[in-house]
Structure formats: structure tokens, C-alpha cells
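With these hints in hand, go ahead and build the complete structure from the sequences.
The listed protein sequences derive, respectively, from chains A, B and C. Counting in the numbering used here, the first sequence runs from 7 upward without gaps. Counting in the numbering used here, the second sequence runs from 7 upward without gaps. Counting in the numbering used here, the third sequence runs from 7 upward without gaps.
If you're looking for bench data, these hints aren't it; they were derived computationally from the structure. Positions of the beta carbon are idealized from the N, C-alpha and C atoms, including for glycine. Be aware that a few hints might be false.
What the hints assert, rightly or not - What the simulated footprint calls covered on chain C by chain B, stretch by stretch (three residues with Cβ under 8 Å from a Cβ of chain B suffice, anywhere in the stretch; the number is not a length): (1) 18-31; (2) 228-234; (3) 239-246; (4) 308-314.
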Amino acid sequence: MSKTNAGRFFEDYALGEVIRHAVPRTLAEGERALYHALYPARHALHSSDAFAGACGLDGSPLDDLITFHVVFGKTVPDISLNAVANLGYAEGRWLKPVYPGDTLSAESEVIGLKQNSNGTSGLVYVRTTGRDQTGEPVLDYVRWVMVRKGNLEAPAPDTTIPDLAKVVAPEDLVIPDGLSFADYDFTAAGEPHRWGDYAKGEVIDHVDGSTIEEAEHMLATRLWQNTAKVHFDATFREDGKRLIYGGHVISMARALSFNGLANAQMLVAINGGAHANPCFAGDTLRAWTEVLDAAPLTDDIGALRLRLVAVKGPEALAGDLKGEDGRYLPHVLLDLDYWALMPR
Amino acid sequence: MSKTNAGRFFEDYALGEVIRHAVPRTLAEGERALYHALYPARHALHSSDAFAGACGLDGSPLDDLITFHVVFGKTVPDISLNAVANLGYAEGRWLKPVYPGDTLSAESEVIGLKQNSNGTSGLVYVRTTGRDQTGEPVLDYVRWVMVRKGNLEAPAPDTTIPDLAKVVAPEDLVIPDGLSFADYDFTAAGEPHRWGDYAKGEVIDHVDGSTIEEAEHMLATRLWQNTAKVHFDATFREDGKRLIYGGHVISMARALSFNGLANAQMLVAINGGAHANPCFAGDTLRAWTEVLDAAPLTDDIGALRLRLVAVKGPEALAGDLKGEDGRYLPHVLLDLDYWALMPR
Amino acid sequence: MSKTNAGRFFEDYALGEVIRHAVPRTLAEGERALYHALYPARHALHSSDAFAGACGLDGSPLDDLITFHVVFGKTVPDISLNAVANLGYAEGRWLKPVYPGDTLSAESEVIGLKQNSNGTSGLVYVRTTGRDQTGEPVLDYVRWVMVRKGNLEAPAPDTTIPDLAKVVAPEDLVIPDGLSFADYDFTAAGEPHRWGDYAKGEVIDHVDGSTIEEAEHMLATRLWQNTAKVHFDATFREDGKRLIYGGHVISMARALSFNGLANAQMLVAINGGAHANPCFAGDTLRAWTEVLDAAPLTDDIGALRLRLVAVKGPEALAGDLKGEDGRYLPHVLLDLDYWALMPR
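As C-alpha cells, then:
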């Protein structure tokens, strides 16, 4: 049995250690098509070579969340196989679009450790970088997870908690080489709303709902080579339910947000995010967005800082996300804070 | 909430108006593979570059119904989001095969309007044209839908009902450039039956059945970027059922028809069609075909006019489609009249 | 009804006959992506062009089991449509990797016939060869099935039972042109274990489980253009269950075996195999492997002969596969004997 990977426990991480994750992955047109089958994704830049070409790119890049999921998936065997909870994201930035034919790999540096006071688990902070076949970074983000200790006798490491930005600063957002919205075709994109049409505090109900099936979330999660048992094995949890990968909820909510944010073409940063409650097959997912901030970047490109919330249940209206106890209400699935690029 | 698209109501259409639909779409090998996973499609021309090359084409084009679904999907947000019923098709013609790498867009012209006598809805007739990245048309068809009025006070438009051909004339069928069945390999195609082997009135039971799952029809319908709520949201209908996109039934029936029509390689026209009854997950779909007509086109290519019927339930035999009241019997899902190309 | 294929019956096969199977199939990036969505496949050689290139190949070939499934699927309409049972495999060899863009076709030679003593069915042995667009063989294997007689009056053929090797000899294993593991990157591949680290008799529990959905196995089985009714039509069996294609179990088990056999990069032979019990949706599949033999092939490549067992149910431990009556225990789904290539 010793040849299989049991995953790392809290005491197996050392501050400053760089973990090179396994299984580089070449992405191509198949992943793009599956993304369109799994999610109601319609943003024109990720749908049409012609549209993307008119925006200055060399054809249509793969959806930014494909990059995220593939890089994240690679980290699972090393970072979160024995994780009790996926606690947060910060300082996420997309650095370069990924095109069909690119090969991604990932590595993570341990940037923070803190054993919990009960001595049975601890927090692990990693900065993960995804790179393409040229070695250039395509995505960079911090996440922290709570990991069980395997050996309770192992000594606690010195506590180091990284200093993380609450929000990626607009000047740190990376505009892909060549991108221009100067000749943007709003009709082809599906909506007339420009960056300047959105106001801080504005809330957009994305209207549509999607009921999730077991086969769908498993197809998606496997596609990213994410192997966490809890998503696939109905005998793993006592209740016989398969927990849906949080990234499936992110992609579904982002795709639903087309309706009202059709021109928020590219994701450029994740400021933070919480998987507020577990999602299971049979849940009907809806989404709404709150405009948190806006930053002009170039003459024709602006960034919107958006709070994307996914909820389940037929009511699913915008409203309080948390109860008086400060905890997320049970119908809230996702609370994601990100920056997207739009035509000015 | 004003940034989202609520869809057009009957009073929002004007005769002669041309609506350019959103989100151009580049199709590639991923869509082909998904089509083969979603439907038991086996027609050799759409399966093998070598077979298609021997028929004079530059490799294997995407299934003709992929073209139809993608173009149809683009029209949904503008034409049928508030449709009460999808009433009919006419004068549909495939004009040019679509290959991996092509980018499709669509526009529709309003060619007919008629307010219903109750004043709460009306018929909208549109001629939809799909084009590739060069602007050349690949598909052209008329469909008409019943659309709700949003403002009951809006004046009724003048009634205009287009004069539509009951059948596309054989001389109007478009044979793809270069297509020849002179060196057709019947063994590779799977059946020995030539165009001349089929007789008017002949009925072919396609034998196989396929039980449909929720995940499958949703994957398919999303792949075509068709966003109609009723297909995805189990909370939308009072009975908690998701209505299966009618095009999913068309593709399933067409694929099943391989068994008996393996050499009906290409669809070239839709003369008419009715989605006779709703289809839901769990239904087991079967299909049969009646040969309605035959027309020789070239020395080696003939066209068959075929009536493709999809039914559900284990009985599913050919027989009466309609009851004494003239309405489709409950087990009938599809009644489609089309032209296909076969080797003579 | 005469135009449809009812399949061959036992009396329709003649010794020495070569059956050319229908519908050549071009495979591309879409099939690769779907394979990754359907199975938790992570072997680096089939995941990354860069990794495969470093192993001397021209990019990443499609998973070896894609080749097997596509070739097998082509044989179904001619070999197993009226099969009562799929009894065995022997002398299977992969002869050449298949790359995106290749077109596969298949033919089978009848190499054995034996009518059963009850006179209602018989054994048919075929050697099936898959070829690419150049005509070069990519896969070759023997399987035998029990097929019903259609006409009970038909005379019994002379009995011929082919002499089949119990194991493909190491010297008959085909190493793909150019393959070298001299510069193998174990970190990228995911595990440090070399060929020499495995010992005969060693058993590896692959740990992970996967609960199978109807939509998944039907998507997979259709993708291989395998049309056997029993996989798709819930009304076909009296119990209303759809039997899962045995190849789906093979692929799932092989993919799960990454955990402990990440470096068993390529399948090169099937020595034998049994689909021990039927698999249905809802089953949770687990797998374990026993190392049966090892053979060095080149300075840097070795072959392991592996017994891959798939079981269902939460217990699913390694242990007896058969009861005292010599029959497989009910939880055993697959017992497959194959050779794989590993870095020495």
C-alpha cells in the first residue's frame, strides 16, 4: 500500500518550501468545448476567434477559469488532500491568456503556517503559480487551507501568517498584450453596457437558474484533474452525498453573470473568496453581482471590482449574506470578489 | 436589474427588422467529439476525414445539426425567450458545410407578424441566416413562434403572414462544392442501400432506443449556447421538470436513423417540423422514418425527402401520429420533414 | 424493416472470413478532453505534449484505451450485437500510438467457431485489427463471444478453437518508435517509483472510489460509437437497468490506478480479461493491482505485467476474487491482465 499517495499532513509542510506539482497538462479545443457544455458560458472573447482577434488577441483564449481550475487541480494532491477546509483566496492574478495548445504546470510555495491551538490541525498558506510551456507565469494566487496533523506528536512550527492584500491594486492588474477594446462590437458581445454604465453599489440579479446534476460536476472536476475523493465517491461521506467542487460553483455563477455583465470579458484578479456553504447535486444555483469598485486602466479598458454571489433555492434574491452570528446564511454558496476587464 | 435582458415581447418586433444576434462562436474538434458523445451519430462523412476526403470534401465537416443548433441557439435570447410555443419551421436549407475552425454568427429578419385575437400574444415569423467568418451563409431557415405581449395596450401590427413553401424544391437544394459519391465506399459507410433502393412510402423502424438523462440534454443545450430557462432550471415549471430542447430530440432521432439510413449522409433542407409533445429526462426515445419523395440531383447524388418521427415509450411503433381530433398522440415527440443526400 | 442491421447470428460466421467494420473515425483533441472528463486519467504521457516530447514522442498520444474502445466499438455491429456474453480477450497488443488527427478503422478475422452442445448458440473467436489512415496496424487483439443462432436448423460448423497465448511474451511487446525514459521526470509524472521498485506479488490498493452515473457511461460508450442496445435503453432489460459497457469499467479502473502506478505510462498488451459481473449506475468502483511479472525491455524501459481488479461496494478490499465454486464473487467487476511500460 506504500506506493500510493496519502497526501501531506500539517507537519509535512515547511515554510519557504516550493512544491512542484505533478502532471503537466496540454489544453486544447476539447477543453473549450466541454467548458461550453458544462457552463452557460457566452462571453464573446472566449467564444469567437474573430471577436477576440478584433480585440487584438491571437484568437480566442480559453476561459480564464479553465486556467484557474487546471492550476488549482494540480495542487490538490499536495495541498488539500487532507484539508479539512478551504479557507480563503487572496492576491490572485491572471498574468497571461492561455490558448489551445498551451501546456500548464504549477508549483506552490509555502508562505505561512500556524498550528491550531487544539494541536490537531493547522493553517497552511501557499502561493501557487501556474506556468505555460515557456515557463512564463499565467496565474498566481494565494490560498490557505486547514490541514489535519498526521502525527499529533510532531512539534508545532513557528507561526507565520503572510501579510495579504485585501484587494489587488488596479495598478497591479495585468492587461494581456495587445488587448484593446477600441473597436469593441457591443452587438456581437450581447449587451450595450460599458464600464462607465456601472455604478458602485449597483446590484445585478443574473436572473437565470441552473439545477446541477452529479454527472456534470464530476465531469468538470475530473477535467481539471482534481482528485479529491469527496467529489466522486458517494460512499465517502456519511450522508452519501458528493460535495461539489467549489470551482464548479464559481464557473456556473460566472457564466450565469453573462446576463447583465456580458461585457465583463476577462477576469484579471481574485481579491478574495469564500465557499460559503456546500453545494450538492439537485441544488438550483442562481447568482447576483454587486459592483464594488471601478478603475480606468487604459483609454478603452476599465476594470470593475465585482462581488459575485451564488445562492441556491428558488428564492435566491439579493439580500443579507450573513446572519446575526456573522456566519453565511445556509442558501449562500459562494461569495467571490474579483476584478474584470470591460470596454470603457 | 435593468442591465439584464428580459427578452423581446410581441410588440417589440417590427416587420422587416433585421436582428443581429449576439456571441459569434468558433467551432472546433471539441464540438465534434461532444456531438459523438451526446448522440449515437455514426454517419461516416461526419466521422472520418478520410471518408469525407474520398467524397471530395476537405476533411470531415461538423454534423449538419451542429450548424443548426448553434445558429438556433444564437436566436434564442432575441426570438424565443418569451415564446409560448415554437410553432414551425419552413424553407430550411444548408448552404455550405461547416468545418472545425469556422466561426458562426446569425441574424434574423422579421418576415411576418400576426397578433392573436385574444390580444395577449402574437405570431412572429423570422428568417434566420447563419454565416461563417467570411460572411457566407451556411444555413437559412424560417421559424415562427408565439410570443407573449409585454404591454397589452400596445397596438396590434398589420397582419403579414409570409408565403412559405411546403417543401423545398429539389432544384433549390445546395450540393456542397466538390461533393461526389462516385467512389463511395458502402462498406465503410455501414450499409449497402443506395438512393434507388428506397421507395416512396417505405417505412424504416430504426430499432434502437435511447433513454435520456438530465445531464445529457443540459450539456447539449448549453453547448449550443441556448439559454432558455426551461431547459436548465428545475424550479421554473410547476411540475419540477426540465423541458428538453427540441433540437436534442432532433439530433437523437437523426443519429438513431443511421440504422437503415446510414447512407443519408448530409442534411440539405428542412421542409417543416413539429415538436409534437414535450420530452423529459427518463423518456426512452425511438425513431422511424417514412420515405416521402426522391429526387435525382447529379449522376451520383440523389436526394431523399424523409419524414423522421421520434416517439417515446416502449411500444413506439410506426402508426398513427395524430388522433381523431387532429392532435399529435401523446407518445409522439417529433415530426420532421427533411431532405438528405445519398449516393445513387 | 429490411434496411436495418439485425446483427449476425452464429451461423453467419465462417472460419477465415475477414469482416471489414464500418465507419472509420477521425480522433482529435475533443476525444482527449472527453476522456479526461469521463475518467480521472492523469498519466503524464497522455496529458502533456511537453512530457511526451521529453520521452521521445511527437507530442502526447491519445490514451491507449481510446484506441482500444474505438476499435472495439467498430466491431460491435458485426460481432456482438447478438452476443449473449463477451467471454474473453487474448493476445492484445498496442502496435503504434494514436495521435489527434489520426483516423482509425477496424477489421476482424474469424479464427475460431464452436457450436454449443445445446445447438442454440456458439462461440465465435475473432482477431480484430485496428489501423490508422496509413493502413498501419495500431492495435491487434483476440476476443471471443457467445452468439445466438438465428436459424436453429443451420448446420453446425466444424469446431476450431484457436491456440491462444496465455500471456503476450515480453519479446513481442512493441515499444513505440522513439520512446525513451532516459530523461524521465518523476516529479512531473507524480510518483518516484521505478520499474525496479515493484515486486512480483505486490498488491497496490488504488485508494480512490468513483460512483458511476448513467449519463457518464452513456456519453463514454457513444463516444466510441458502440451501439449495443443494452447500454442505452432502459426498457431493454426486464429490470429497467442499463448495463455499463465493460470498457467503461476498464478505463475507470486504469485511471484510478494512477495512484500507485503513475509511472505505468503506456499499455502495450492485454493478456486476458474478464468482465466478472455487470456494473450499473450507482455502483461505486474501486480498483487494486497485483504485480504478476516484470520484464526489462531496454536500458531505460521495463514492462510490468499487472492484474487490474475493479470491485464495487464500500468494502472493496483486495482478497479472494472467486468463491469456492470457482465463480467470481458478486462484488468483482473486472479482472484484467495487461503489460505496461515504465521507466527503469
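Structure-based check of each hint:
Three residues within the 8 Å Cβ limit are the bar, and the segment 18-31 of chain C against chain B gives 5, so the coverage statement holds. For the segment 228-234 of chain C, the stated coverage by chain B is satisfied: 4 residues place a CB nearer than 8 Å to a CB of that chain, which reaches the threshold of 3. Counting residues of the segment 239-246 of chain C whose CB lies closer than 8 Å to any CB of chain B gives 4, which reaches the minimum of 3, so the coverage claim holds. For a cut-off of 8 Å, the count of residues in the segment 308-314 of chain C with a CB near a CB of chain B stands at 0, and the three-residue condition is violated.
The structure fails to meet hint 4 from the earlier list, while all remaining hints are met.
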